[in-house]
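First to last, the protein sequences are chains A and B. The numbering of the first sequence is this note's numbering, which starts it at 1 and goes up by one. The numbering of the second sequence is this note's numbering, which starts it at 1 and goes up by one.
Be aware that a few hints might be false.
[Said to hold, decoys possible] The calculated label-pair distances, taken between Cβ atoms and stated as ranges, are: (1) B:Glu134 <-> A:Gly246: 25 to 33 Å; (2) B:Asp159 <-> A:Asp223: 22 to 30 Å; (3) A:Glu201 <-> B:Arg26: 25 to 33 Å; (4) B:Gly165 <-> A:Asn43: 47 to 55 Å; (5) A:Gly78 <-> B:Ser132: 57 to 65 Å; (6) B:Tyr27 <-> A:Gly314: 35 to 43 Å; (7) A:Ile226 <-> B:Glu154: 31 to 39 Å; (8) B:Phe131 <-> A:Tyr64: 50 to 58 Å; (9) B:Ser44 <-> A:Arg244: 17 to 25 Å; (10) B:Arg26 <-> A:Asp330: 50 to 58 Å; (11) A:Asp330 <-> B:Pro147: 43 to 51 Å; (12) B:Gln151 <-> A:Gln47: 33 to 41 Å; (13) B:Pro147 <-> A:Asn43: 47 to 55 Å; (14) B:Arg26 <-> A:Gly256: 44 to 52 Å.
[What the hints assert, rightly or not] Derived pair list, reagent style DSSO-like, types lysine-lysine, alpha-carbon separation capped at 27 Å: (15) B:Lys94 <-> A:Lys321; (16) A:Lys215 <-> B:Lys16; (17) B:Lys94 <-> B:Lys84.
Bear in mind the hints are in silico, worked out from the structure with no lab data behind them. Glycine included, C-beta positions come from ideal geometry on N, C-alpha and C.
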Amino acid sequence: MTTELPTDIKSTSSEIQIDKPSSKWLPPGLALQKVDEKIMTLNVGPQHPGSGHMRLIVQIDGDYIVACDPDPGYVHRGEEKMAEYRNYITNIPHLERPVIHDSCNILYPYVLGVEELLGIEVPERAKYVRVIAAELNRCIYIMYWLAIYGIFLGHSTMFMWPTGDRELLIDLMEKMTGARVTHSHFIPGGVRNDLPANFEEVCLRQVNYFEKRIKEYAAVFYDNPILIARTQDTGVLSRQDAIRLGVTGSVLRASGIDYDVRKKEPYDVYDELDIQSIVMTEGDAYARSKIPWLDMMDSCNIIRQALQKMPKSGSVRVKLKPNPKGKGFDTVYKRVESGRGSLGCYIVSDGKPEPYRLKLSVPSFRNLIALPYLLKGEKLGNMPSVYWSLNYWPVEADR
Amino acid sequence: MGTATGIIRALNSGIKHLAVKRFTLRYPEEKLKFVGDGYQYDPSTGVGIAGLKGRHLLFHDKCTGCQLCAIACEGVAEAIAMVKVPEQHKHNKKAIMPQIDYGKCVFCGLCVDACPFYALYMTNDYELSTFSKEGLIYTPAQLQVKPYVAQDSEIIITDRGASHG
Chain A
1 MTTELPTDIK
11 STSSEIQIDK
21 PSSKWLPPGL
31 ALQKVDEKIM
41 TLNVGPQHPG
51 SGHMRLIVQI
61 DGDYIVACDP
71 DPGYVHRGEE
81 KMAEYRNYIT
91 NIPHLERPVI
101 HDSCNILYPY
111 VLGVEELLGI
121 EVPERAKYVR
131 VIAAELNRCI
141 YIMYWLAIYG
151 IFLGHSTMFM
161 WPTGDRELLI
171 DLMEKMTGAR
181 VTHSHFIPGG
191 VRNDLPANFE
201 EVCLRQVNYF
211 EKRIKEYAAV
221 FYDNPILIAR
231 TQDTGVLSRQ
241 DAIRLGVTGS
251 VLRASGIDYD
261 VRKKEPYDVY
271 DELDIQSIVM
281 TEGDAYARSK
291 IPWLDMMDSC
301 NIIRQALQKM
311 PKSGSVRVKL
321 KPNPKGKGFD
331 TVYKRVESGR
341 GSLGCYIVSD
351 GKPEPYRLKL
361 SVPSFRNLIA
371 LPYLLKGEKL
381 GNMPSVYWSL
391 NYWPVEADR
Chain B
1 MGTATGIIRA
11 LNSGIKHLAV
21 KRFTLRYPEE
31 KLKFVGDGYQ
41 YDPSTGVGIA
51 GLKGRHLLFH
61 DKCTGCQLCA
71 IACEGVAEAI
81 AMVKVPEQHK
91 HNKKAIMPQI
101 DYGKCVFCGL
111 CVDACPFYAL
121 YMTNDYELST
131 FSKEGLIYTP
141 AQLQVKPYVA
151 QDSEIIITDR
161 GASHG
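If we strip away everything but chain A, and leave its shape as in the complex, we get (with noise of 0.2 Å):
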């Protein structure tokens, strides 16, 4: 056997060639660069508190950032590749670890496209039990976000009440599905049990206290001069460019545009609930902060309304087969919005128990990349508060 010299190894000349990009690929921040004596690299993370389980390569001149490129990737699982070794159900506990503060939103796309794969009609009941539990489960990602938000602007009131508060709603989860976090609640037909005895009443009850504890952030948080002296004006997304980057959820209803998946393609029962979309048009860090937060009184509307409209008996779950497949090849895509934007599922099946392909489609990754773009000509200083405000989930990001 002859072995040869690749071809970009024989072709490399004696001098190494700075300023032109080498056409080999390398790790962002290994590549060599033409050195600026005003310019300095800063890396914040992976083990920067501040970054998440990601890395920052910031470029700044002084106090103000030049250049900004978010490496993600550091938490990669193979959600998408291990689904393929698996079948229908088996797929629910680990398809839901990216996001466990989000559990039942990250799996909703995916039982909805399995049941549509598997021409299952699910029951009535069913459809508002996993509205109810959707919303809950929305509420506490965006307190947890809530938090981490708080803290990271130095503002540790905002870090304790959340926290706080968000055990009123877990308690409830707790009860609902028997389990604080991870719930693997929904199934393909349905949910996995009915609602205990007299849920309807105790979750009123603290889902209407709840509404009364947040509305009490006004005042310490979304009012306080502080807050918007660091928020207002940093980070603007105009509508334009939020369109071109393609970003979801309430950074893009913080740029001014009225989408959210729920009313534009409604799922389950949310064409029968009345939703309120919140919009503003500032497009800076303060509304992308303050979107989520008006978001969870428009949830505790929609509990409440699901709660009314909800069938008082029934089933809950379609009684499956034991390894349920598909009819031969079938593809389908489904989405839902979730805490953070729309997320979306995409199913190949082949008649297998198990599906051929499955991609998530995520919001965190799609709101990374308006990162750059927004820290250009901020100052260092800013960048957490305009980070933090894109409602990014690093783990999810990386699936």
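Fit chain B to the supplied structure of chain A, relying on the hints for placement.
Same frame as chain A, now just chain B:
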């Protein structure tokens, strides 16, 4: 609204909370009350019964050693292994029963959904920590024991705020 008014309002809102009841649960002394006796599943209707997904409870007089729970766990956590048991039952010719490794279990409850003989349920017992890895492996004899759980604390909402009482 001026800056000074805003800051005073924020401080005022914080000071009001000095009178609000403590929400935190003093865990080892107080324990949360759960719904029912743990997650259960009725194979005749195909619907689960709400409850906490805690440690499992195995009924030796019902288990047939069919391994359906172990098969259900295969793609999830591989926590269930079928082991030999000394006692002989007429309905369990092979004399095998599930042994659960709680170092691997994710408490999804799909094994309970898989059991067609009402033999495997979950309980309200969530205090499973031990000092060794082997201590997390529960044999069929350990799984048979019904746990004693004293749980009484619930969220109570009054005018002074929510608290665990």
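Hint check results:
1. A beta carbon spacing of about 51 Å between Glu134 of chain B and Gly246 of chain A contradicts the range 25 to 33 Å that was offered as a hint.
2. Range check, Asp159 of chain B to Asp223 of chain A: Cβ separation about 24 Å, and the 22 to 30 Å hint holds.
3. Under the hint 25 to 33 Å, the C-beta atoms of Glu201 of chain A and Arg26 of chain B, about 27 Å apart, fit the expected range.
4. Between Gly165 of chain B and Asn43 of chain A the beta carbons are some 49 Å apart, a value that agrees with the proposed interval 47 to 55 Å.
5. Range check, Gly78 of chain A to Ser132 of chain B: Cβ separation about 31 Å, and the 57 to 65 Å hint is violated.
6. Between Tyr27 of chain B and Gly314 of chain A the beta carbon distance is about 38 Å. The supplied range of 35 to 43 Å therefore holds.
7. A hinted range of 31 to 39 Å for the beta carbons of Ile226 of chain A and Glu154 of chain B is consistent with their spacing of about 37 Å.
8. Between Phe131 of chain B and Tyr64 of chain A the beta carbon distance is about 54 Å. The supplied range of 50 to 58 Å therefore holds.
9. For Ser44 of chain B and Arg244 of chain A, the Cβ-Cβ distance of about 56 Å falls outside the hinted range of 17 to 25 Å, so the restraint is violated.
10. Range check, Arg26 of chain B to Asp330 of chain A: about 54 Å between beta-carbon atoms, so the 50 to 58 Å window is met.
11. Range check, Asp330 of chain A to Pro147 of chain B: about 45 Å between beta-carbon atoms, so the 43 to 51 Å window is met.
12. At roughly 39 Å, the beta-carbon separation of Gln151 of chain B and Gln47 of chain A lies within the given 33 to 41 Å, and the hint holds.
13. A hinted range of 47 to 55 Å holds for the C-beta pair Pro147 of chain B and Asn43 of chain A, which are about 49 Å apart.
14. Range check, Arg26 of chain B to Gly256 of chain A: Cβ separation about 48 Å, and the 44 to 52 Å hint holds.
15. Simply put, Lys94 of chain B and Lys321 of chain A have alpha-carbon atoms about 26 Å apart, close enough for the 27 Å limit, and the pair holds.
16. With a C-alpha separation of about 14 Å, the suggested pair Lys215 of chain A and Lys16 of chain B falls inside the 27 Å cut-off, and the hint holds.
17. The hinted pair formed by Lys94 of chain B and Lys84 of chain B meets the criterion: a straight-line CA distance of about 8 Å does not exceed 27 Å.
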